[in-house]
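Since the structure of chain A is already known, use the hints to place chain Z on it.
There are 2 protein chains.
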Amino acid sequence: MNPDWTVVDGLQYSAWSREIFEQMHEGGLDCVHVTIAYHENTRETLIRLGEWNQRFESMSDLIRPVFNPSDIAVAKAEGKIGIIFGAQNCSPIEDDIRLVELMRRLGLMIMQLTYNNQSLLACGCYEDDDSGLTRFGKQVIKEMNRVGMVIDMSHSAERSTLEAIDYSESPVIVSHANPSHFHPALRNKSNTVIDAIAANEGILGFSLYPFHLKNGPQCSLDDFCDMVVWTAERMGVERIGLGSDLCQNQPQSVLEWMRNGRWSKTMDYGEGSSGNAGWPDSLSWFSDSRDFPGIASALANRGFSDTDLGNIMGGNWVDLLTRAGAPAARDHLVHGNS
Amino acid sequence: MNPDWTVVDGLQYSAWSREIFEQMHEGGLDCVHVTIAYHENTRETLIRLGEWNQRFESMSDLIRPVFNPSDIAVAKAEGKIGIIFGAQNCSPIEDDIRLVELMRRLGLMIMQLTYNNQSLLACGCYEDDDSGLTRFGKQVIKEMNRVGMVIDMSHSAERSTLEAIDYSESPVIVSHANPSHFHPALRNKSNTVIDAIAANEGILGFSLYPFHLKNGPQCSLDDFCDMVVWTAERMGVERIGLGSDLCQNQPQSVLEWMRNGRWSKTMDYGEGSSGNAGWPDSLSWFSDSRDFPGIASALANRGFSDTDLGNIMGGNWVDLLTRAGAPAARDHLVHGNS
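Protein chains in written order, with the numbering used here: chain A, -8 to 329; chain Z, -8 to 329.
Next up, chain A with everything else stripped away, as it sits in the complex (with noise of 0.2 Å):
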């Protein structure tokens, strides 16, 4: 990959490691954005920063945290993978607005508004039903604009997702989902979805999480090129990035707290099924950080530019992160330079 590349992954969430920093390193990576929460409430929240803090101590030469956009160049010029927090829930910030300045404080750049199901801000995608953003939701859409943390609605439902596109006067992403043109998965987006997302300048991270492709497992490298292509046509080249939803070296146990939580006395299979209740297999050409070049030569094979796709792999993420994850960001838009 073009080493003036500046290569980002919107989404993983592993069992972190020297070794897994290294394949980072070894893919060509400059910044992750990973999963600090699903479920987490604000006290375990803390502990999960903690532990960040002391793998950026114990391996201070390989990561750093980006607690501003502007450390992403930072961190690629130390020759570091860069780490962005994000919690895939809304439960960091329990019932408590002020807490949301206090958790973006803390370097939580990105929070989803639900995971899966109902929250107090927004409707999740598992539920029959959506009655949009709640009276709390609507006031933690205009904080969150006004910190600089940015709105994620990848597990969230439509009308909930179209309401925070919206309400929100920053653009608003989906860190890692695909359309459900290519596959109609339950977390995959509506054409009416991604359209929202491309008019309000946000960005669309493509899963490579089996559950999210067509196939699963076997999906193939080409479809997911094809699927790539049709979406910078229909998004625009400059709406789409990578979220591959990397989960690597987590145990059941892991699978088992995203999909019941604490919410749930009967086990709830999410994604997948009591007949097929363990981690899906990986794709033959997507297994750890080090298949990202892979992808990128694929995608160069289709006739990207040098340019369009060194955005794509990670150029369109620091930009909407620019945009929408610094605090001046709500000031930016509504003086009209966005």
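Calculated directly from the structure, the hints in this document are not laboratory data.
Honestly, I wouldn't trust all of these hints.
[Stated by the list, open to error] Think about it this way: if two alpha-carbon atoms lie no more than 27 Å apart in a straight line, the pair counts; the simulated DSSO-like pairs of lysine-lysine are:
#, chain 1, residue 1, chain 2, residue 2
1, Z, LYS256, A, LYS133
2, Z, LYS256, A, LYS256
3, A, LYS256, Z, LYS129
4, A, LYS129, Z, LYS256
This is chain Z only, laid out in the frame that chain A set:
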């Protein structure tokens, strides 16, 4: 009032003191459902429970806890006010279904699924739109049924209320609200809801909070009695009781906590307005628990029999709690003895 009656107030939240409990005695009360949480999370609910234990210790001549419905008779026999714990929101269980059983064991006999806003379980009456019970909400209802925690929908929106009644195997209550037919406040209940409460053998507790009454603080006792007579005819005399919503000696800060919790950066005025932000004036005929006998007398003049009046003043509450507030309640209902 007839000393054989068991007189129960289905909702109070006052700045508890010896004086207030003495007023309860003077007014002939035997038992009061007290609110221990509006927005309190699990840890904060434990603080409230601890405060109650200290009251039980220091005022053991006046009050005793009602952990199970059978404790009401014990309290009456001892000449003490029985205190039933209830939460006006599901915040005490946070995101954890297993906290339902733990809270019940700590004495929480009644819990609302929502307080005005969307919760993780269902929708509150102040949201624009109501998508009914959530996935978590359905599981919590089953768990509340199992452990004998009574479902209260006083502050819930209509669809959620009807779905809870339909989904629950135990009777669902509205501890403190009035029919919209009498006064169309957002918090009052439609004929559809009160008919469903009657059909599920629940109970409606009449509120004496002026915002829930025709003409507010100027509502006459005569008008109140009209409402009781109308509702007794519609729901059945065994389906009604009192839930005064009496809030004595509470400062403005408590009203603001009820209305705003931690979810709003701007002041939400609830049933009030920016020009009417405080506690409403009291009714001339009901300002504290010493005024219950006057209500009983006025209702007696409307021709209720002594038996019916005793049931309205508390017997119906004892019956409801016996059916829905004990761990065996669900099995009892399943076996067809209700």
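Against the structure, the hints come out as follows:
{"no.": "1", "hint": "Z:LYS256 / A:LYS133", "verdict": "holds (10 Å)"}
{"no.": "2", "hint": "Z:LYS256 / A:LYS256", "verdict": "violated (35 Å)"}
{"no.": "3", "hint": "A:LYS256 / Z:LYS129", "verdict": "holds (11 Å)"}
{"no.": "4", "hint": "A:LYS129 / Z:LYS256", "verdict": "holds (11 Å)"}
In this structure, only the earlier hint numbered 2 is contradicted, and the remaining ones agree with it.
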